[in-house]
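Novice: Could you fit the two chains together into a complex? Lean on the hints.
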Amino acid sequence: MSITQSFMLAVKSLAASKMRAFLTMLGIVIGVAAVIALVSLMNGMSSLIVSSFEDMGMNNIMVSFTPRGGNREIKPEDMQKFCDDREDLYFGMTPTLNIMGATVKQGTVNSNTSSVVGVSELYDEINGKAVEQGTFLTYVDVENRMRNCVIGTYVRDYFFDGDAIGKTIKINGYPFCVTGVLEESAGGEQSSADDTILIPYTVASKIAFTRVSNYTVAAKDNEHVEEAKKELQKYLFNELGDEDMYTIITMQEAANIVDDILGKMSMVLVGIAGISLLVGGIGIMNIMLVSVTERTREIGIRKALGATPWDILSQFVVEAITTSAIGGVVGIFFGVFLARMLGNMVGLRAVISASAILISVSVSAGIGIAFGYFPAKKAAKLNPIDALRYD
Amino acid sequence: MIEFRDIYKIYNEGEAENEVRAVDGISFFIGRGEFVGIVGASGSGKSTCMNIIGCLDVPTRGQYLLNGTDVSTMSEKQLAHVRNRELGFVFQQYNLIPKLTILENVELPLLYKGIGQSERRELSFRALEKVGLADRVKKYPAQLSGGQQQRASIARALAGNPPVILADEPTGALDSKTGRDILEFIKKLNEEDGTTIVLITHDPSIAEECPRVLKIHDGKIIDDIRKQDIK
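Order-wise, the sequence lines are chains A and B.
All letters in the first sequence, in the order written, are residues 0 to 390 by numbering that gives the first Met the number 0.
All letters in the second sequence, in the order written, are residues 0 to 230 by numbering that gives the first Met the number 0.
The following block holds chain B by itself, in its conformation from the complex (with noise of 0.2 angstroms):
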């Protein structure tokens, strides 16, 4: 699903002083269905990780395969197209688009789609439905607590429903208690839709909760813990 094949992300590369090895020769594997963490303390190049994960980013060398295409050296515009039908993103500051109501917002990866009004609509309200904002729909992202924010957010990378979805930090900006709610609830995404999660966090209590975690540390992995393996 998922796979690094020795990924470098250097910036400044040649330059002896500046050199920065943001992501230094990283492989591994993410299979269908699996939900895996990747932590790391900041700058360890998780960040740049998940922006490469995202084909937000490009790798230095090295090659990416997402669903067994080779997508580290496509144009920007493929990318485009990779993110919106591959990919759904849940950011820390949720990203909403605060001129647009709920619903618009979660309509805006079905309309870079191309997917007609009604049926924008129409699945749009059940991606809001299924994470409890059927109420909200017509609201702006200001009128929302940080939670509903987030579920909206959820709700949009769920809309047009990707086979991964990327979520970068999703607790960092909420209380203990809704961040678990969010957790909890993208738990259930991955267990009962096998939609495959990675969750980028720094936060140990989150990463136990994730069945596979990815250490990261200077841009290598450091470690790969199964869960079930232990068990």
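Here chain A stands alone, though its shape is the one from the complex (with noise of 0.2 angstroms):
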């Protein structure tokens, strides 16, 4: 008998019991269907979060000190010579110091939720925002510590009424006049990079009584970050003379690491979702176990008619082949909408790959001769004697 034969007997056989076909399916469908689903939401998240590191400028360097008491320290002044001396690796710079627990004020209304940070004039292109209305900050209000500031769209929303431009907000208790508006970048949320205002850090530095800490280095382009990093991490050894006193992480490291531990993370939920895969299988096998006992005199009928335990092996493994297969993909099916609705109501969107599909339907499949042979093995050793007689 052929295998086509088997398959042809195979979907009569699970015609024959929609409801309990069904029912079998149903684990490998949701299985497949989580495995899928979560494995493209999660390509969907690490292409968000690797896209929005690409928007913070993957040319960048972050670097940050660590206070230790000594008496040599790097000022903003130095980082910036150190960046205008090697212009041929470096774009510029721009120190990042933030505000803790600001208070921003405007007549009677209050936020805490807005984060105010001290940014240099080239914060805008080294991070990669610009403008939407007014000007950015210039060098002339950084050196001359002028306090103007710029906002983000849901702290102009939030404060007025449209135009922002040239009214004053007040922060810890000093006013700012609004000289711009960032265009939005994550939907005007509250707490969000959108409820931001950024003022000279010689300023913030100043009302904040913190030195800089935090830096921001972009290198002048791609190929140039690793040299960049590099000449940068001797620059502060020769400096300070103790590696702890600092911090370098390039952009791109950044994004491995996360990119790293989002990968970790899909693995376990994959594992996760496996188990239910898992169990899909068992119930196939359970079912497939009633099947050949329920089908004992059929068996027997079929082995006197000249049925080899072979054709009866391979009917049986065949019937649980062809139960796992198509809840494999109707798993694909319903794991793609889930996919699609879930990253919809999340805001993400789904990434669907095609190593996902291709490994849960060879998986299902493969499940379904596992857990499937063991039961056929059982009805293809079955005396056709006995197996005549039952009832």
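If you're looking for bench data, these hints aren't it; they were derived computationally from the structure.
Bear in mind the structure is a predicted one, so any value in this text is a computation, not a measurement.
Be aware that a few hints might be false.
[Said to hold, decoys possible] Derived list of chain B stretches under chain A, where covered just means 3 residues or more per stretch with a C-beta under 8 angstroms from a C-beta of chain A:
1. 45-57
2. 69-82
3. 104-117
[Unchecked claim] Derived BS3-like pairs (lysine-lysine); straight-line CA-CA distance at most 27 angstroms:
4. A/Lys376 <-> B/Lys98
5. A/Lys380 <-> B/Lys112
6. B/Lys76 <-> A/Lys376
7. B/Lys219 <-> A/Lys380
8. A/Lys376 <-> B/Lys112
9. B/Lys76 <-> A/Lys377
10. B/Lys98 <-> A/Lys11
11. B/Lys98 <-> A/Lys17
12. B/Lys76 <-> A/Lys17
13. B/Lys137 <-> A/Lys377
14. A/Lys11 <-> B/Lys76
15. B/Lys137 <-> A/Lys11
16. A/Lys377 <-> B/Lys112
[As the list claims (entries may be wrong)] Ranges between beta-carbon positions, derived for each pair:
17. A/Arg348 <-> B/His80: 57 to 67 angstroms
18. A/Lys11 <-> B/Asp134: 19 to 29 angstroms
19. B/Ala133 <-> A/Ile281: 38 to 48 angstroms
20. A/Arg388 <-> B/His80: 44 to 54 angstroms
Beta carbons: idealized from backbone N, C-alpha and C, even for Gly.
Specialist: Structure follows, in structure tokens:
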């Protein structure tokens, strides 16, 4: 008997008990759908994160200093000079000084969620930002410690109706003049990148009574990132003489770390989803065992009519494979649908990968073979006389 | 054609108390085209005999030659081929598969023989025509009467055109009139097509119809009657 005939037989037998076949498949459907949905969402998440890293500028090198109480320190002017001296390697740098717990006030309206950051005039270019209204901070603002600021769209909409340019807001009690509004980048949500106020770092340092300890240094272009990092390391070590006083990480390295973590997370999630595939497989085995017992007499008849053990084995194995393969295919569609739907709900674009589909289909067919073989073997080994007498 | 040479089927051999000699040294020869009834009370060993003839069981000792080949030592797979090609079965309980139509049931032995779909249909249909069920091919076994089901199972036994048909109490589950029809039909097969028939029964009135009768008691042949001899 050929495989095609076994397949026809399997389809007929499944069609004869549709409800049971459906419930058996359900386990595989859910397992495959879960794997595909999770992989797709994780892919979507990692591509979102990678693209937001790219938005922030893949040429960037983050430097942060750990104050150790020594008298040696790197001032913004030193960093500036270092970058200016190596124009072949560096595009420029900006300090980033977060003023923690800043209170922002306009008239009688308060905001505690806005992050207030001291930056240089290159911040917008280095981080790929642009203003949609007014102008960004200028060199003069920074040098002369002008109390000017650039705000995000959330801040604008929160404090002002429409036009904010030229208006005044108070940060920790100091009045600042709004000179520009940043383009929206995070949907204008509270506590997002759009809930930001950028002020000259010179001013920030003064009103927060802190030194600048974080910098973003931009390499001239992609090819120079590694070299720029090495030079910077050399410079900092020469100046400070202690590796523990600073950390340097390139945006690419950070992206790689995040990507790595996401990869591991998705392995774990797929592993968990894989358990439901396994449970589905056991469901198939269970139902196949029931089916073999129920059809003992049929098996006896078939054997009496000349079915070889192989014929019986292949009949049941093919039936198990057919069940799990149909479940697998339905699971793919369901999984893709689920990924799209959940993706839309959380604002993520699910990336459906061909490899996830391929793997889950072959796994589900493999489950059919693995879990169908044992019951099928049992059927094939039945003694025809006993099977014929079975009621 | 069918030759038993000192066949034994012993269960629990060597365990003095539990030893059961279902077939206790039987030898006989059934020639091509014969119609033989094997008669015996239940527990006489006739069913075990039938199972061995039908290659559903293998003897503990002795040789069983079917068409000159020794089948007593064949593998499971080889036995399946012999059942498929040399033998047709008719059971007391018809043993049609309820989920398959009559036509599909009749096709089964041909399917295992590896015959292609269209030829299979053709042969099965002809076998069903022969038993007078051509208008029932799309029905399921449960939609047919007992006699019709038994005719369908005869068609299934015939479909592959085997040289031997084994009938195990073929009329046992039928009323006497239908039973007689079935028996007539089996006789006709023997007379017209020359098919060798081995019929197992405990019913003396059925046995009377057989040209040759083997009587079995306690696993041994106690009588071998040929009607022609008497004449």
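Novice: All hints are to be evaluated individually against the structure, with a verdict given for each.
Specialist: Structure-based check of all given hints:
no.: 1; hint: 45-57; verdict: holds (count 4)
no.: 2; hint: 69-82; verdict: holds (count 5)
no.: 3; hint: 104-117; verdict: holds (count 6)
no.: 4; hint: A/Lys376 <-> B/Lys98; verdict: holds (22 angstroms)
no.: 5; hint: A/Lys380 <-> B/Lys112; verdict: holds (20 angstroms)
no.: 6; hint: B/Lys76 <-> A/Lys376; verdict: holds (14 angstroms)
no.: 7; hint: B/Lys219 <-> A/Lys380; verdict: violated (31 angstroms)
no.: 8; hint: A/Lys376 <-> B/Lys112; verdict: holds (21 angstroms)
no.: 9; hint: B/Lys76 <-> A/Lys377; verdict: holds (16 angstroms)
no.: 10; hint: B/Lys98 <-> A/Lys11; verdict: holds (9 angstroms)
no.: 11; hint: B/Lys98 <-> A/Lys17; verdict: holds (13 angstroms)
no.: 12; hint: B/Lys76 <-> A/Lys17; verdict: violated (33 angstroms)
no.: 13; hint: B/Lys137 <-> A/Lys377; verdict: violated (32 angstroms)
no.: 14; hint: A/Lys11 <-> B/Lys76; verdict: holds (25 angstroms)
no.: 15; hint: B/Lys137 <-> A/Lys11; verdict: holds (15 angstroms)
no.: 16; hint: A/Lys377 <-> B/Lys112; verdict: holds (23 angstroms)
no.: 17; hint: A/Arg348 <-> B/His80: 57 to 67 angstroms; verdict: holds (60 angstroms)
no.: 18; hint: A/Lys11 <-> B/Asp134: 19 to 29 angstroms; verdict: holds (23 angstroms)
no.: 19; hint: B/Ala133 <-> A/Ile281: 38 to 48 angstroms; verdict: holds (47 angstroms)
no.: 20; hint: A/Arg388 <-> B/His80: 44 to 54 angstroms; verdict: violated (23 angstroms)
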